[in-house]
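Visitor: As a plain string of letters, each chain reads:
Protein chains: 2
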Amino acid sequence: MRTEEIKVRFQPSGRTVYVLPGTKIVEAAGRAGIILQTPCGGQGTCGKCRVKIVRGMCSSGKAGPKRLPKKLWSQGYRPACQTAIEGAQPAGEGEIVIEIPADSTFETSQKILVGDSGAKGRFNPVIRKKHFTLPKPSSENPRSDVARLGGAIGDEVELSPEMTRLLPGFLRAHDWQGTAVLAEHRLIAMEEGDSSRAVYGVAFDIGTTTVVGTLFNLADGSELAVASRMNPQIAFGDDVVSRIRRIREDSGALSELQRSILETVNDIIAGAAREAGVATANVYEITVAGNTTMQQILCGFDPSALGEMPFVHLFDRAQTLAAGRLGLRANAGAEVYVFPQIGGFVGGDTVAGMLAARLDQWQKPVMLVDIGTNGEIVLAYDGRMLATSTAAGPAFEGARITQGMRATAGAVEKVLIRGGDVLLNVIGDAKPAGICGTALIDAVAELLRLRLLDPTGRVLPADAAPPDTPAGLRRRLVARDHETHFLLAAADETATGEDLYLWQRDIRELQLAAGAIRAGIAILLRRVGLKPDDLEAILLAGAFGNFIRRNNARRIGLLPPIPCERIRFIGNAASLGAKMVLLAEEEREYAEQLRRKTEHVDLSLDAGFQDEFVSAMMFPDSDC
Amino acid sequence: MRTEEIKVRFQPSGRTVYVLPGTKIVEAAGRAGIILQTPCGGQGTCGKCRVKIVRGMCSSGKAGPKRLPKKLWSQGYRPACQTAIEGAQPAGEGEIVIEIPADSTFETSQKILVGDSGAKGRFNPVIRKKHFTLPKPSSENPRSDVARLGGAIGDEVELSPEMTRLLPGFLRAHDWQGTAVLAEHRLIAMEEGDSSRAVYGVAFDIGTTTVVGTLFNLADGSELAVASRMNPQIAFGDDVVSRIRRIREDSGALSELQRSILETVNDIIAGAAREAGVATANVYEITVAGNTTMQQILCGFDPSALGEMPFVHLFDRAQTLAAGRLGLRANAGAEVYVFPQIGGFVGGDTVAGMLAARLDQWQKPVMLVDIGTNGEIVLAYDGRMLATSTAAGPAFEGARITQGMRATAGAVEKVLIRGGDVLLNVIGDAKPAGICGTALIDAVAELLRLRLLDPTGRVLPADAAPPDTPAGLRRRLVARDHETHFLLAAADETATGEDLYLWQRDIRELQLAAGAIRAGIAILLRRVGLKPDDLEAILLAGAFGNFIRRNNARRIGLLPPIPCERIRFIGNAASLGAKMVLLAEEEREYAEQLRRKTEHVDLSLDAGFQDEFVSAMMFPDSDC
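Protein chains in written order, with our numbering: chain A, 41 to 664; chain B, 41 to 664.
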């Protein structure tokens, strides 16, 4: 099965993925972290997601030239949402090469976001540099040093006592010339000569598992480098709960955890700066989006209260910290912006996602869903918002799944059943070693479609399978311990040399996880008297959200029954939000507005939650 | 002559002074640092300056009961401006005791100021304490710690990252109760229990020679203690010029000078707190008014540019510094407010004085004059202001005067010539050791009146004295080195055992000093087309200004010819201003307004200055 996978390389980023034949380009690109814009919802009617097939075979089905200008079609452009990857040319050799035009990358229907291939949208960074040449003091012009500087770079400039102390010596040593570095109106550094083009910032998405930093040139908004690392706090526990527990039990753990994440941030800044050939001393701003626990630990704020009922976060408004005092190796005057927070488990990453999605600006109700161990759900309607979090558990990350694993090399990330065949897509050029969350959803959805799984979540014994079940599949229904399990790959095809199963108990785990998300969605909708069909869109954010198959997520009831074209991937929205506040000052006020307009809903206090949860655990009878 | 001095004790302060018979009580009180309010200009028509004669003989001349309610008169109250001190009872024994009612102390005609005997006027300190008891977190009320605190003490509260870090531990350790200390909206400290009554601040007047701190209870505005010390920077030079020179020549001198003044500030805070029985940890705010050099050194800001043309100061807007970072021993979160500055030698003390005098709020043009080594002059008219400084030299402080000295024990501070007798008032219970600035002015004015001194400043030889000159005075005109000098006290009456003279060359020094001040006054008036008589008032500020005799200052031409009742003492206006910004937040914005509305005038650039200066050095022909 692995042999059927096709390697696809995207230009200009050079990123590659392996996909099964028939995979839509829009999905393959998403797998590579490239979110294409699909304002028509992937209906093939807008032509915005066009990409250029440079090499390889792709089929565009019904999508003819009418959806793209004829000239573009003849140059090899195709609508990515309608075009499936078929195979390499010559067959079985080489790779498919697809070029992504910059303007095809993701935008919401409202505003241009920072896309994958460079900065777009609002550009008005908090950090500005101004080269100045001051008139020297004279009897005719004896004003103060501060006023003299203000005359050149803006009278509203604010100097800290420390900057005021440095000012007279600096001006006289450098012949009244230099470059001022401003954060809003605050002078944060002074530099010799004209250094106004060397001005950089790094936007961080600090996840529980992964930390990603993107280095930007703040002079022109261009993206220079991306670096990512595992979150080293994993050594203290996989999830936030175990890390909080460590902090509650060990008085030294908070500073250890803080130090470890700060070292990683330093490492990423240094790595990205090295890659881009810039000096870390010219990094003046660091923006951070993360969940409440990640953000609080980074700041050195005790997250212990997040570890017990009623799960209290420490701050709401965005924090601005001095990078130097945190021990970050950037410019000595650099500042760290940490996103606002809404509730105990509705943190800065959610606010950043709301920001990136312009969540309050849609015409009709819209929902933002970030699926993970902790699912965050925000419902926006009439300019107001309800936000909640729901404990889905780690099933989507492959944990507590018998043969589960994270979405790393060797993980089955996709399952397709065609006829009697089970097709698996494995991450990296490897034999399957286990399955990750997306494949779990796929497998369950496929088994539901084939009616090998009943709505209560029970895998049917081979002898109870529908009569039209192909023999190849029926053989995979394996009884053990009074339950039936589904064989995904036989021992001779796996990396472990063992059979790879979808176990009955794994399906139970998925039911719990999906039920929690779905119940959260249902409660929010019910609170304001809406039905799923009233939603203009469900925006799927986060790493996991971008990789699931929409139809399968809907089939298993993780998402409510609305047309697939209204379910949209918006990429790593937290990271996008962090970039946006780095690139435009006004985004910060917007983030506070979003926070203020959002009501936090505690599902555990909702009288209807248990009912919704139990009913959401049942799989839907059929697709919508 | 010393034997004629009368000891006067003022209640409730207990301060004592020695004065000559015939001295008005308002003047004697001023000598003791108590500025009585005289809205009528000392005309005896308003009765506002009433004091109670507890013991001793005083004569009120024409001022009969009609100027005071009969009942008060019969209780011993008298108008201080019209009542002269005559002698003790029994004669030559004991002391005069005068009680000063709190409401007789200084007010401007516009606003109530902080008087000598307690706080008055606006009371709305920047520092506020709020005791809080927070509802504990619950599922129904799970908001963040910061929001929870804000709900109790005001949602606009701002927490520094450091305070945010401390918050969760504090709240949980103290059962969600405590006292918040706020500076405006900034949380600067949190304390266990209800400490809301223990809230103190210290207002500092940091002079080149003397440093005075006044401790206030910020819960009720009451003045608790005053402490003063010599400015230890005197070891680096008497005046600002020599201290700046030291800093320019020695790279370590700035921090040495800064450390020395900060130690003195610490010493004063500790002394005042001990006297009042309060803890320095409950001192949360320190306000500072001083000249540009004193303020900049205190902040650790290099004043070198004040030591050379064109005399550039460093900052204009008020500075707020962290007391802890300066090494001040007050509360760890305490802040230091340092007054705005206007020009190279028009510093925070001048702005503080303008603030205390409400200088922009007078109906007609008014002038603020602070006489010292550096004379600061501010002319206010139509809501605008012109400010200048003029180098008077140290003559007014007794320096460069042959037998001059500071106004300390042993200094002749007042000279009266009655008939053929020269009456001297000496500070403290001592024989005369030298003369200070006020006595220099007195002596010159008296000699001018007797026509023993001509308008060019030449002391007439004995044989050229007017025919009606009493023999006792004619004998004092002593020729030496082709010049004539005036004998103030013979060797057997002095502490030094040497004759004490007013030397011809001392008169030249005074002419230079007074001429500089007077020329500055003249230039400012001319700039806006005003004559001296257009002035509603000349407000004399500062230690020296409060002790000079108005008629004598006018006689020698130091002040222009306007009626004495329009020349008003306003006490230590810089110190008053420092107290006002300590006691009321809105005074800070007012200080910035005054600064912004003030145009700095550089006399050296005024084409007419040399002319004015030369003409101002001539003594007026006669009194006005």
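Please note that a few of the clues may not be correct.
Repeated chains share a single entry, so a pair holds when one copy, or any two copies, can fit it.
DMTMM-like mimics (lysine to aspartate or glutamate), calculated; alpha carbons at most 25 Å apart, straight line [claimed, not checked]: (1) 176 - 348; (2) 110 - 278; (3) 176 - 646; (4) 170 - 215; (5) 637 - 195; (6) 47 - 234; (7) 88 - 639; (8) 111 - 224; (9) 176 - 642; (10) 404 - 198; (11) 637 - 198; (12) 47 - 626; (13) 64 - 508; (14) 571 - 642; (15) 176 - 263; (16) 111 - 289; (17) 637 - 196; (18) 176 - 289; (19) 404 - 45; (20) 471 - 195; (21) 637 - 180; (22) 111 - 538; (23) 170 - 196; (24) 176 - 639.
Source of the hints: derived by calculation from the structure; they are not laboratory data. Remember, predicted model here, so these are calculated numbers, not experimental data.
Visitor: A separate judgement is required for each hint: does it hold in the structure or not?
Guide: Results of checking the hints against the structure:
no.	hint	in the structure
1	176 - 348	between (62 Å within a copy, 13 Å between copies)
2	110 - 278	neither (52 Å within a copy, 89 Å between copies)
3	176 - 646	between (69 Å within a copy, 21 Å between copies)
4	170 - 215	within (16 Å within a copy, 50 Å between copies)
5	637 - 195	between (34 Å within a copy, 16 Å between copies)
6	47 - 234	neither (47 Å within a copy, 70 Å between copies)
7	88 - 639	neither (35 Å within a copy, 61 Å between copies)
8	111 - 224	neither (47 Å within a copy, 66 Å between copies)
9	176 - 642	between (62 Å within a copy, 17 Å between copies)
10	404 - 198	neither (43 Å within a copy, 36 Å between copies)
11	637 - 198	between (31 Å within a copy, 20 Å between copies)
12	47 - 626	neither (42 Å within a copy, 70 Å between copies)
13	64 - 508	neither (29 Å within a copy, 122 Å between copies)
14	571 - 642	within (20 Å within a copy, 76 Å between copies)
15	176 - 263	neither (39 Å within a copy, 46 Å between copies)
16	111 - 289	neither (66 Å within a copy, 77 Å between copies)
17	637 - 196	between (30 Å within a copy, 17 Å between copies)
18	176 - 289	between (61 Å within a copy, 22 Å between copies)
19	404 - 45	neither (40 Å within a copy, 92 Å between copies)
20	471 - 195	neither (65 Å within a copy, 57 Å between copies)
21	637 - 180	between (53 Å within a copy, 19 Å between copies)
22	111 - 538	neither (52 Å within a copy, 113 Å between copies)
23	170 - 196	within (14 Å within a copy, 33 Å between copies)
24	176 - 639	between (55 Å within a copy, 20 Å between copies)
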